[in-house]
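Use the sequences and the hints to build the structure in full.
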Amino acid sequence: MSRVKDVSEESASTTLCQALERDLKLEEILEPESASGILKRPLSVGTAHSTVSKFAEREHTARLTAPTSELRDIGRGSCGSVFEIPGTAHAIKKGTDVRSIWNDFNLTNLAHNSCVASTNLFKYSFPNPQIPRVPKAEMYNSPESEDWWRFNLLRFPKADRTEAAVFYLDRILPVTEITRYALVNKFFLPDTKIQQAVLGNIDNQDCLIRLYFGKHKPDDSMYKEDDTLRNFPLYLDQAKAIDIDINNYAREMAIGLAILHWEAQIDAADTEFVIGTSTTKLFGLHYENHQSMMLPRSTMENFTQRETQLWMLDYDKCIKISFETSNWDQDVVHPYYVAVTGNDPYFPHPCLDIKLWQIFRQAYLKASHIIIKNRNLRKEMMKLPDRVIERWEIWGNDNLATEEEDFDPFDRTDDGTYEAEEGTDSENEDDSEEESDIEEDEDITDDEDSTAEDDSEDTEQ
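First residue of the sequence shown? That's 1 in full-length UniProt numbering, and the numbers climb one at a time after it.
Among the clues, some could well be false.
[Stated by the list, open to error] Straight-line Cα separation of at most 30 Å, BS3-like style, residue types lysine-lysine; simulated pairs: (1) Lys-123 with Lys-355; (2) Lys-240 with Lys-355; (3) Lys-240 with Lys-215; (4) Lys-383 with Lys-217; (5) Lys-217 with Lys-373; (6) Lys-320 with Lys-379; (7) Lys-158 with Lys-136; (8) Lys-193 with Lys-240; (9) Lys-320 with Lys-383; (10) Lys-355 with Lys-136; (11) Lys-383 with Lys-215; (12) Lys-240 with Lys-224; (13) Lys-355 with Lys-373; (14) Lys-136 with Lys-373; (15) Lys-355 with Lys-215.
Quick caveat, the hints were computed from the structure, so don't treat them as lab data.
The structure is reproduced here in structure tokens:
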């Protein structure tokens, strides 16, 4: 697990925290058994949260101050660092690799636009479809953007006061305060001093949860004081232990991946899938009865109100895939397959939990076929999502048996394309001539969700 310096966004808390009060001692909060129950509710997608956390107070105050306030480091990764803009729903991403930041800026927006465009595409095909959120990127500035750096350089922490490539993006807020308490109680050593130290570390307020549905936790050890809540890895066995709705998350993840592949045409290499919260909505705020309603005092971001969401982020290593080809396997199927099997284990593994994989598989194929049909793409493309899945499942059998990789999953040629595998040319020559009709997928059955709770039960008042 990564140590206490990595990536983040922020914090808030459900109404459970209001009952607990801010001065509640850790040992008074919950037993390990109750931690699972607490985690299940705030980690449900779409759950609304009300908070009186210290973070919410700080952000509420900061939003009223001058826009020259100092930026705070909330995460560092291989591509760059992320800094919060206090009091706003935005952050700044900064990196010295100008090309990577520029690529991230463009493909983040391509992914964002594709998800927005697909919002209503699945409402008649999936029960209550959820689509992952993607941050919107704005205002790219290069190291040579003298005006921008003249006004903003001194806002960065001293160690980061060097010109680089930057852009603004929607800020993914962290999970709620009570969720952090429950995570620590459930998965860290049962020592009050250790747990208090973890919760007292300000960096751990920046807690996003990575969903690792493709792997069990490597061992049964508890996390220690120097382990971090930033980018907290929630493995499949842990997710089952706290009884979150893994089926819905797997389905949402599959729909998101289908959008990236067949709408945005992005390979999704090294893209992350995390649980966070947000104060913002996908569409602009609009009141139906705005002419007759009592005017609000303000519509500024309210950091005391959050909504749990699944987010797809980080596109700096992604590449755009062209569909203008006669070699489908080499130019489309292969890069998609390489990216999904080379990523961190976000996606369900074909052989780890068969039922979960089938849910993911069916949702990915159905969403992919809907997108391809809606875009009026070439008919022979209807089989490409199935080929991605077929190769994924072959990889899954070999991977689970050997626990080894025979190739670097991100090995690319000098021009940024993927190495082709032997035999793909002849296969595609046959495919380019194929004119057979493609049967549409049968509706996905959702028996496993028959006991799902009403939305009202998942919403904190």
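Here is how each hint holds up against the structure:
no. : hint                 : verdict
1   : Lys-123 with Lys-355 : 23 Å, holds
2   : Lys-240 with Lys-355 : 13 Å, holds
3   : Lys-240 with Lys-215 : 12 Å, holds
4   : Lys-383 with Lys-217 : 35 Å, violated
5   : Lys-217 with Lys-373 : 39 Å, violated
6   : Lys-320 with Lys-379 : 21 Å, holds
7   : Lys-158 with Lys-136 : 27 Å, holds
8   : Lys-193 with Lys-240 : 28 Å, holds
9   : Lys-320 with Lys-383 : 20 Å, holds
10  : Lys-355 with Lys-136 : 34 Å, violated
11  : Lys-383 with Lys-215 : 28 Å, holds
12  : Lys-240 with Lys-224 : 22 Å, holds
13  : Lys-355 with Lys-373 : 27 Å, holds
14  : Lys-136 with Lys-373 : 26 Å, holds
15  : Lys-355 with Lys-215 : 15 Å, holds
When held up to the earlier numbered hints, the structure conflicts with 4, 5 and 10 and fits the remainder.
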